[in-house]
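*Asks:* Please put together the full structure from these sequences, using the hints given.
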Amino acid sequence: MKYQSFVGLEIHIHLRSRTKAFCSCPAHFGDEPNTNVCPVCMGYPGVLPALNEEALAMAYRTAHALGCTLERESFFERKSYFYPDMPKNYQISQFARPVGRGGAFEFELGGGAKTLRLRECHFEEDAGKMIHAGEKSLLDFNRAGCPLLEIVTEPELSSGTEAEAMLRSLRRLVRHLGVCDGNMEEGSLRCDANVSVNTEGAGLGTKVEVKNMNSFRFVREAIEFEIERQTKALDEGERIWQETRLWNENHGATATMRRKESSHDYRFFPEPDLPAFAASDEYLAGIASAAIASPLARKRALLALGIPNERADSIVEERGLAELFDAALAAGAEAAATATFMESDIRARVNRFGLSQVIERLDGPGLAAIVQGLAAGEIGAGVARAALDAAVVEGKDPRKHLEEASRSRIADYPAIEAIARSAVAAERDSADAFLAGNAKALSRVMGAAMRASKGMADPRALEAAIRKEIGS
Amino acid sequence: MSHLPPWGGILVGARLEAYSRVLEERERGLGAFLELDPRNPVRALDKDGKAATGALAGLPFAVKDNIAVEGMGLSCGSRILDGFRSPYSATCVRRLLEAGAACIGKTNLDEFGMGSSSENSAYKPSLNPWDRDRVPGGSSGGSAAAVAAGMVPFALGTDTGGSVRQPAAFCGLYGLKPTYGAVSRFGLVAYASSLETAGVMARTVDLAQAVFVAMAGRDPRDRTSVDAPGEEAADRRAHTGGAAGPLAGSRIAVPSGSLLGLEPGVERGFRNAIDALRDAGAEVVDIELPSLAHVVPAYYVIATAEASANLARFTGISYGARMAGAESHEELVLKTRSAGFGDEVKLRILLGTYVLRSGFQYRYYHKAQKLRSLIAGELAAAALGVDAIASPVFPTQAFRRGDPAMDPFMQKLADRFTCAANLAGLPALAMPSTLEGGLPTGIQLMGRAFGEDRLFAIARVLADHIPPAAPPLYSEECPA
Ligand SMILES: [Zn+2]
Chain A
-13 MKYQSFVGLE IHIHLRSRTK AFCSCPAHFG DEPNTNVCPV CMGYPGVLPA
37 LNEEALAMAY RTAHALGCTL ERESFFERKS YFYPDMPKNY QISQFARPVG
87 RGGAFEFELG GGAKTLRLRE CHFEEDAGKM IHAGEKSLLD FNRAGCPLLE
137 IVTEPELSSG TEAEAMLRSL RRLVRHLGVC DGNMEEGSLR CDANVSVNTE
187 GAGLGTKVEV KNMNSFRFVR EAIEFEIERQ TKALDEGERI WQETRLWNEN
237 HGATATMRRK ESSHDYRFFP EPDLPAFAAS DEYLAGIASA AIASPLARKR
287 ALLALGIPNE RADSIVEERG LAELFDAALA AGAEAAATAT FMESDIRARV
337 NRFGLSQVIE RLDGPGLAAI VQGLAAGEIG AGVARAALDA AVVEGKDPRK
387 HLEEASRSRI ADYPAIEAIA RSAVAAERDS ADAFLAGNAK ALSRVMGAAM
437 RASKGMADPR ALEAAIRKEI GS
Chain B
279 MSHLPPWGGI LVGARLEAYS RVLEERERGL GAFLELDPRN PVRALDKDGK
329 AATGALAGLP FAVKDNIAVE GMGLSCGSRI LDGFRSPYSA TCVRRLLEAG
379 AACIGKTNLD EFGMGSSSEN SAYKPSLNPW DRDRVPGGSS GGSAAAVAAG
429 MVPFALGTDT GGSVRQPAAF CGLYGLKPTY GAVSRFGLVA YASSLETAGV
479 MARTVDLAQA VFVAMAGRDP RDRTSVDAPG EEAADRRAHT GGAAGPLAGS
529 RIAVPSGSLL GLEPGVERGF RNAIDALRDA GAEVVDIELP SLAHVVPAYY
579 VIATAEASAN LARFTGISYG ARMAGAESHE ELVLKTRSAG FGDEVKLRIL
629 LGTYVLRSGF QYRYYHKAQK LRSLIAGELA AAALGVDAIA SPVFPTQAFR
679 RGDPAMDPFM QKLADRFTCA ANLAGLPALA MPSTLEGGLP TGIQLMGRAF
729 GEDRLFAIAR VLADHIPPAA PPLYSEECPA
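Which chain is which? The protein sequence lines are A and B, in order. The opening residue of the first sequence carries number -13 in my numbering; numbering runs sequentially from there. The opening residue of the second sequence carries number 279 in my numbering; numbering runs sequentially from there.
Don't read these hints as lab results, they were simulated from the structure. Do not take every clue at face value.
Unchecked claim - Listed next, with one range per pair, are the computed distances between beta-carbon atoms:
id: 1; chain 1: A; residue 1: Q(-10); chain 2: B; residue 2: K648; range: 42 to 48 angstroms
id: 2; chain 1: A; residue 1: A262; chain 2: B; residue 2: A571; range: 26 to 32 angstroms
id: 3; chain 1: B; residue 1: D681; chain 2: A; residue 2: H250; range: 39 to 45 angstroms
id: 4; chain 1: A; residue 1: A316; chain 2: B; residue 2: K648; range: 56 to 62 angstroms
id: 5; chain 1: B; residue 1: A604; chain 2: A; residue 2: R203; range: 37 to 43 angstroms
id: 6; chain 1: A; residue 1: R203; chain 2: B; residue 2: E605; range: 35 to 41 angstroms
id: 7; chain 1: A; residue 1: R225; chain 2: B; residue 2: E622; range: 43 to 49 angstroms
id: 8; chain 1: B; residue 1: A604; chain 2: A; residue 2: I226; range: 34 to 40 angstroms
id: 9; chain 1: B; residue 1: R496; chain 2: A; residue 2: G98; range: 50 to 56 angstroms
id: 10; chain 1: A; residue 1: R245; chain 2: B; residue 2: D681; range: 50 to 56 angstroms
id: 11; chain 1: B; residue 1: E608; chain 2: A; residue 2: G306; range: 46 to 52 angstroms
id: 12; chain 1: B; residue 1: V290; chain 2: A; residue 2: E39; range: 45 to 51 angstroms
id: 13; chain 1: B; residue 1: P568; chain 2: A; residue 2: M243; range: 50 to 56 angstroms
What the hints assert, rightly or not - Going by beta-carbon spacing under 10 angstroms, a handful of chain B positions derived as facing chain A:
id: 14; residue: F362
id: 15; residue: Y366
id: 16; residue: A468
id: 17; residue: T502
id: 18; residue: E584
id: 19; residue: A587
id: 20; residue: N588
id: 21; residue: H607
id: 22; residue: G630
id: 23; residue: Y643
Note that this is a predicted model, so its numbers are computed, not measured. Here a beta-carbon is modelled for each residue, glycine too, at the ideal position from N, C-alpha and C.
*Replies:* Right under this line is the structure:
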C-alpha cells in the first residue's frame, strides 16, 4: 500500500518586546525565578491587562512578512483551561479575529524551495514554567504574560526533513525581523506538530499531536518517527488514536501523553477587559513600510552573484552581516572578494566580539576599502586584519588605518632586499622546495618575511625580492 | 464645596478616640465591616510625610471588600480569599486618598458581589440601621449600612447589576453607578467585567458628586476607562430652570410597566418622587422600552459567563486559602474551590460554564450579546431624548432577614431596572424618596452616557422637595 503523510506545525514565537504583553514587567529570560512578576502577570484579584502595543506591532510585522491578510479590528479572547502555571486559568489569546489570516511561507528545501500555506497568526500571552524537583513542583512566573505569536500552518509538509527546513528558514526570517531570537533550546521558538498518515489520495488521516521537540533535530526526528509509527500501524491494520504524544529524546521515540476522544472545550469568548485593536490605514501603512527584504530573497541575490551556497548562508544568517555586505558592494567592493573576507575574517570577529560590536563599528565603505586593497595587492592579509581590528576592537576608521599603513610602508628597495635575504636564509628548506617545484612553499617564505617587516613591506616588491633571492 | 465640617479633624486626638468608640459600638450592632481600624487609616502622604490636602481632605471612608486597598484584606466576602492582603490599591481608591480621604475599613458584601441582601457573605450578615431585623440590601450592604449609620460620610461599592443602588435604596442613601468606563475598574475584583463599575454611597448629593468627580477619568491600567467627553453646549440648555421651577424645561421619562409588581410602599415612594419632580417644573412623559423584557435573561447569561472565567484564578496556588491534603494539581483545585466558594458562587460559575460551552454559545452567550446591543441601543436613544429615565430601584423595601418575600426567580426579575443600566453602560443614580412605614424608599434616575452631573442636579432639586432622612438611632450628621 502507498501512503501519504501530512504534517502541519503550530509555531510559537516569543516576541522580543521590552515588557510583557499586558503589564510592565521585563519580558526577559534567564533571570532568578519569580523576579519579573507583578500582580497583573501573577493574576492577582482585581488587576486588569493593559496591551503592549510594541509587542502587537511585532506580531503585525511578522504576519505581514508572512503574507497574511492583516486584521483591521483585531480583538482578544479568553481561552479557559486550568493549568498550574497559568495564573488566571485562562489565557488571553485570539480566536475569531487574529492579527493575520492566510499567507504563505517560502523556504529552502534541498537545492530548491517549497511554499507552505499558513492558516493564521495570532497574538497571545505565554504561561509560566513548572519545574518538577523530586516530590515538589516549583513554579516560575517570569515567562507568564510574555508576548507570543502563534503561527498555524496548513498540514502540507510531508516529512520531518521538510519541517526542519521550514523552521530553520522561519528562524532566519524572525531574526531578520528582529522580533525573536529564534532559540529553540531556550524556548523562544517552540513548535508542535500535527502528523497524520493515510492511504495515498484519501486525504488527511487521524491527527496525532506531537509535542516536546526543543531543537531542530528533534523536530525532524520526532516527525520521522511518528510517520514511521503510523505507517507501520496502518500496515498492520491497527487503529491510530487521536492523541497527544510527547517526543522522548533519550528513547528517540514518541509516547502517549493523553488521548482526546473529545477535544478540549476552551470556551473562548471576547476579553471584556481589552477593547479591540483598530489597525487604521495609517497603522497598516506603517507596518508595510517597515518591511524588510526576506532572507531568502537576499540569499538568492548572493547566489546570483556567483557566491557559493555555504558562503551565502553565512552572510545571510544575520541581517546585520547581509546589510554590511550590501553596503560594501554599494561602496564599490567586488562581491566574491567581499564574501570571502566576510566568511573568514569577519565571521571570526563576530564570534569573538559579537555581531552588534562588529556591525556598529565597521561600515560598508570601510569594509570596501579593505577588500579593495587586498584585491589590488596593495595590502597583505596581515594589514587587512589589522585594519579590521582597528575598526572592531579600537573603533577606528579602517580607511585611516590603511592610510597610515601605506605611509609607513617599507618601499625602500635595499630594506626590502635585506628582509628577503634573511627570510630566505631562515626558511631555506621552503625556498629549496619552491625551487624544486612546490609553488605553495613560497608562501611560507613570504609569511616569514612579512612577519619580519611587521606587515609593513609592500607585498608585491617583497615577493619580487624573494624570488630574486631564491633565484627562480 | 467643602465637606470638612463637621467631619474635619475626626481622625485626630480626642475626637478620634470618641469616634473610634462610637464605631466599635455601632459595628457590634450592625456588622457592616469585615475590617475596621480608624486609628490606623490608609491615607496618602506627600513627600514631606504630610497628609494629602484636597477636596476630600480629612474625610474617613469605607471600601467594599472586593476593592483593593494596599495593606488591607480583600476577602470579597469569600473563604477562598481568607487572609489575603492586597499588595496594591485600586485606582479609584488611590484617587480618593490623593484627594485627602482616609480609608478606615473594608465592608461586608455578598460573596464576590453575588446577592442582594449581604446575607450571602461567608463571614457574617450585615444589618439595616433603620431596622436591625431587616437586610441592608446587597451586594454592597456593608457599605450602605456604614453610611446610613453615620459611621463614615461615604463608602465605595461596586455595581454589577444594582449592587450600589439597591442597598442605597434600602438604607435611604444616594447611590451612584457611573457610566461604564467613567471610573477605572483597576483593583475591583471582577465578577462581570463588562457590566460592573465602582460606585459611591453617601447621605448627601454634594458628597456623592465630589467623590465621583475625584474618582473619575481615564486610567492607563484600565483600557476600558475613558475621560468624559466635553458636554456639548446644546445639552446645557435644559439645566437652567426658570420661573416655572428649577426643573422647567426638563423631561423625565417613566417606562411603561414601571409600577408592575411593586410593594405598596415602594409605589407610594416612587409616585411621591415623580410628583415632586413635576412640581419642580419637570415634564413627566411615558415611554415604551420593550427591550426591558429581555434585561434579566441577557444579564444573567453575560454576568455568569464572565464570572466563570473571572473566578477561575482562585485555586489557592499562589495566594489565598489553600486546602490541605491534595495529591495533585487537579485535586488541589477541586478541594480549594469546593470548600472556598459558597453555593451561589458555585451556581453562577456552573451557569457561566454551561452557556460558554462550544456548540451552545449561539443559543446563549451570542444571543445574550445581541439582546444586550438591542437594549443598549434602545436605552441610549431614549436617554438622549430626555433628561432622565425614572424608575423604581427595586420592587420591595428592605426585606426581613432570611426572608426576601420573593422566591429566587422573582428576586432576579426584580433586578430589571437596575440591570438595564449595567447592560447599557449608562449612569444611574438611586436617591431617597419618602419614608413609608418607617423605612426608606428610593427612585432611580438613569441618564445619558457621562451625564452624571445632570442626575446630581435633578437629585439636588428632589432633595429640596423631599429632604433625605437618617435612621432615628443615627440621625446626627457626624458621630463624634
Ligand atoms: Zn507583570
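*Asks:* Now tell me, hint by hint, if it's right for this structure.
*Replies:* Comparing the hints with the structure gives:
1. A hinted range of 42 to 48 angstroms for the beta carbons of Q(-10) of chain A and K648 of chain B is consistent with their spacing of about 44 angstroms.
2. Look at A262 of chain A against A571 of chain B: about 29 angstroms separates their beta carbons, and that is inside 26 to 32 angstroms.
3. Between D681 of chain B and H250 of chain A the CB atoms are about 44 angstroms apart, so this pair conforms to the stated range of 39 to 45 angstroms.
4. Between A316 of chain A and K648 of chain B the beta carbons are some 60 angstroms apart, a value that agrees with the proposed interval 56 to 62 angstroms.
5. For the pair A604 of chain B and R203 of chain A, the beta carbons lie near 39 angstroms from each other, so the given range of 37 to 43 angstroms is met.
6. Between R203 of chain A and E605 of chain B the C-beta distance comes to about 37 angstroms, which sits within the given range of 35 to 41 angstroms.
7. Evaluation of the 43 to 49 angstroms hint for R225 of chain A and E622 of chain B yields a pass: the beta carbon distance comes to about 46 angstroms.
8. Judged by the Cβ atoms, the range 34 to 40 angstroms given for A604 of chain B and I226 of chain A holds: they are separated by roughly 36 angstroms.
9. At roughly 55 angstroms, the beta carbons of R496 of chain B and G98 of chain A sit within the given window of 50 to 56 angstroms.
10. Separation of R245 of chain A from D681 of chain B is about 52 angstroms and conforms to the stated range, judged on CB atoms against 50 to 56 angstroms.
11. Hint check: E608 of chain B to G306 of chain A, Cβ distance near 48 angstroms, so the stated range 46 to 52 angstroms holds.
12. The hinted range of 45 to 51 angstroms is satisfied by V290 of chain B and E39 of chain A, whose Cβ atoms lie roughly 47 angstroms apart.
13. Taking the beta carbon of each, P568 of chain B and M243 of chain A are about 53 angstroms apart, inside 50 to 56 angstroms as hinted.
14. At its closest, the beta carbon of F362 of chain B sits 7 angstroms from a beta carbon of chain A; the interface hint therefore holds under the 10 angstroms criterion.
15. For Y366 of chain B, the shortest C-beta to C-beta distance to chain A is roughly 5 angstroms, which falls under 10 angstroms, so the interface hint holds.
16. A cut of 10 angstroms between beta carbons decides the hint on A468 of chain B: the least distance to chain A is about 7 angstroms, and the hint holds.
17. A hinted interface residue such as T502 of chain B counts as satisfied when its beta carbon comes closer than 10 angstroms to some beta carbon of chain A; here the least separation is about 6 angstroms, so the hint holds.
18. Nearest Cβ of chain A to the Cβ of E584 of chain B: about 6 angstroms, under the 10 angstroms cut. The hint holds.
19. The beta carbon of A587 of chain B is positioned within 10 angstroms of a beta carbon in chain A (closest approach about 5 angstroms), and the interface hint is therefore held.
20. For N588 of chain B, the interface hint holds, since its Cβ comes within 10 angstroms of a Cβ in chain A; the closest pair sits about 9 angstroms apart.
21. For the restraint placing H607 of chain B at the interface with chain A, the shortest Cβ-Cβ distance is roughly 5 angstroms, inside the 10 angstroms limit, so the hint holds.
22. For G630 of chain B, the shortest C-beta to C-beta distance to chain A is roughly 9 angstroms, which falls under 10 angstroms, so the interface hint holds.
23. Because the closest C-beta pair between Y643 of chain B and chain A is about 6 angstroms apart, less than 10 angstroms, the hint holds.
Consistency with the previously given hints is maintained throughout, with no hint failing.
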